[in-house]
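Visitor: Per full-length UniProt numbering, the sequence shown starts with residue 1, numbered consecutively.
Keep in mind that the hints were calculated from the coordinates and are not lab data. Check each hint, because a few of them may be wrong.
Stated by the list, open to error - Capping the alpha-carbon separation at 35 Å, the derived lysine-lysine pairs in DSBU-like fashion look like this:
{"id": "1", "residue 1": "270", "residue 2": "136"}
{"id": "2", "residue 1": "270", "residue 2": "312"}
{"id": "3", "residue 1": "312", "residue 2": "196"}
{"id": "4", "residue 1": "312", "residue 2": "136"}
{"id": "5", "residue 1": "196", "residue 2": "270"}
No experiment lies behind these values; they were computed from the predicted model shown.
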Amino acid sequence: MPRLERCSDAVLVGPRGDAAAQTGRPFPGRRRDPVVTFGDLIRDAATAGVRGTADFARRRVAGDYRLDAFGLDEDLLESLILPVLRPLSQRWFRVQVDGIEHLPESEGALIVANHAGVVALDGLMLQVAVHDHHPKQRAVRLLAADLVFDLPVVGPLARRAGHTLACRADAERLLRAGELTGLFPEGFKGVGKPYKARYKLQRFGRGGFVSTAVQTGVPLVPCSIVGSEEIYPKLADITPLARLLGLSYFPVTPLFPHLGALGAIPLPSKWYIEFGEPIYTGHYGPDAADDPMTMFEVTDHIRETIQQTLYKRLTQRRNPFTG
Numbered sequence: 001m002p003r004l005e006r007c008s009d010a011v012l013v014g015p016r017g018d019a020a021a022q023t024g025r026p027f028p029g030r031r032r033d034p035v036v037t038f039g040d041l042i043r044d045a046a047t048a049g050v051r052g053t054a055d056f057a058r059r060r061v062a063g064d065y066r067l068d069a070f071g072l073d074e075d076l077l078e079s080l081i082l083p084v085l086r087p088l089s090q091r092w093f094r095v096q097v098d099g100i101e102h103l104p105e106s107e108g109a110l111i112v113a114n115h116a117g118v119v120a121l122d123g124l125m126l127q128v129a130v131h132d133h134h135p136k137q138r139a140v141r142l143l144a145a146d147l148v149f150d151l152p153v154v155g156p157l158a159r160r161a162g163h164t165l166a167c168r169a170d171a172e173r174l175l176r177a178g179e180l181t182g183l184f185p186e187g188f189k190g191v192g193k194p195y196k197a198r199y200k201l202q203r204f205g206r207g208g209f210v211s212t213a214v215q216t217g218v219p220l221v222p223c224s225i226v227g228s229e230e231i232y233p234k235l236a237d238i239t240p241l242a243r244l245l246g247l248s249y250f251p252v253t254p255l256f257p258h259l260g261a262l263g264a265i266p267l268p269s270k271w272y273i274e275f276g277e278p279i280y281t282g283h284y285g286p287d288a289a290d291d292p293m294t295m296f297e298v299t300d301h302i303r304e305t306i307q308q309t310l311y312k313r314l315t316q317r318r319n320p321f322t323g
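With the hints as extra help, turn the sequences into a complete structure.
Guide: What follows is the structure, given as structure tokens:
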């Protein structure tokens, strides 16, 4: 099955450099968020899960649910998965969403976002953000790496949440069906980059995702996520251990691995998810998808749009944890 291209090691350094992540003015009208402990978060997630379990179990026994061609179980997603994730989104990361009006009401589109955080919580927060803020409560169908679906428990849940492999065949089928699809073109190079390279986008590959959007005639929607870089600041990488475990990297953060399971608790950074204006592809002819120069230009344009939006947000942010 053909793969959406992965990125290389190239790094784009912005005009403000790394200092952009630390300076800037507060947003107008900023208010102080209430203090929430991780214990509060676990309690809220457990309560949400229990609350939806009885009705969910009753529908399961009655067979009152269905799966789509990719395995999406809307009943499971809305009854259990999203309610369990909401405390993390709303209370721990306090996600602020802007530009939701740039997402189509019902047609297909390809959301292209920056990737970070060591553990890909940005994909989960993106799914919650779109569902809870879009007027039609749309489900984002993420294109994920093979590793996600090889993991016990996580893999089957990802399928039931509507996600699928990051391959062109699946991406085209989703987009032609009018699904709102999400992609992180940086791949492991983005999510696993060191903290010193935070908010500096890795390469987006050679335009495979742009070619897919052109072939299906859907718009590309740039998405910039701020806050994800601080949840697990990656200070080093234990490469031999990563190879032994079959992982792309084995991170060392300020809390992991020396604090064990406690080190797996993400730091409570303040998140911003901003959707930019769509880049429409309908005016490109069918041959444009095979034109390397056109694909490169569009890829570079959407990458630069995301990068500059990240820098703008960072200069407006006073503190990574309070906003």
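Visitor: Decide, hint by hint, whether the structure agrees.
Guide: Structure-based check of each hint:
Taking the CA atoms of residue 270 and residue 136, the gap is about 26 Å. The hint holds against a cut of 35 Å. Restraint check for residue 270 and residue 312: satisfied, since their Cα atoms lie roughly 16 Å apart, inside the 35 Å limit. For the hint linking residue 312 to residue 196, the alpha-carbon distance of about 18 Å falls within 35 Å, and the restraint holds. Distance restraint check for residue 312 and residue 136: the Cα-Cα separation of roughly 29 Å lies within the 35 Å cut-off, and the hinted pair is therefore satisfied.
Taking the CA atoms of residue 196 and residue 270, the gap is about 19 Å. The hint holds against a cut of 35 Å.
Hint check: no violations occur; every hint is consistent with the structure.
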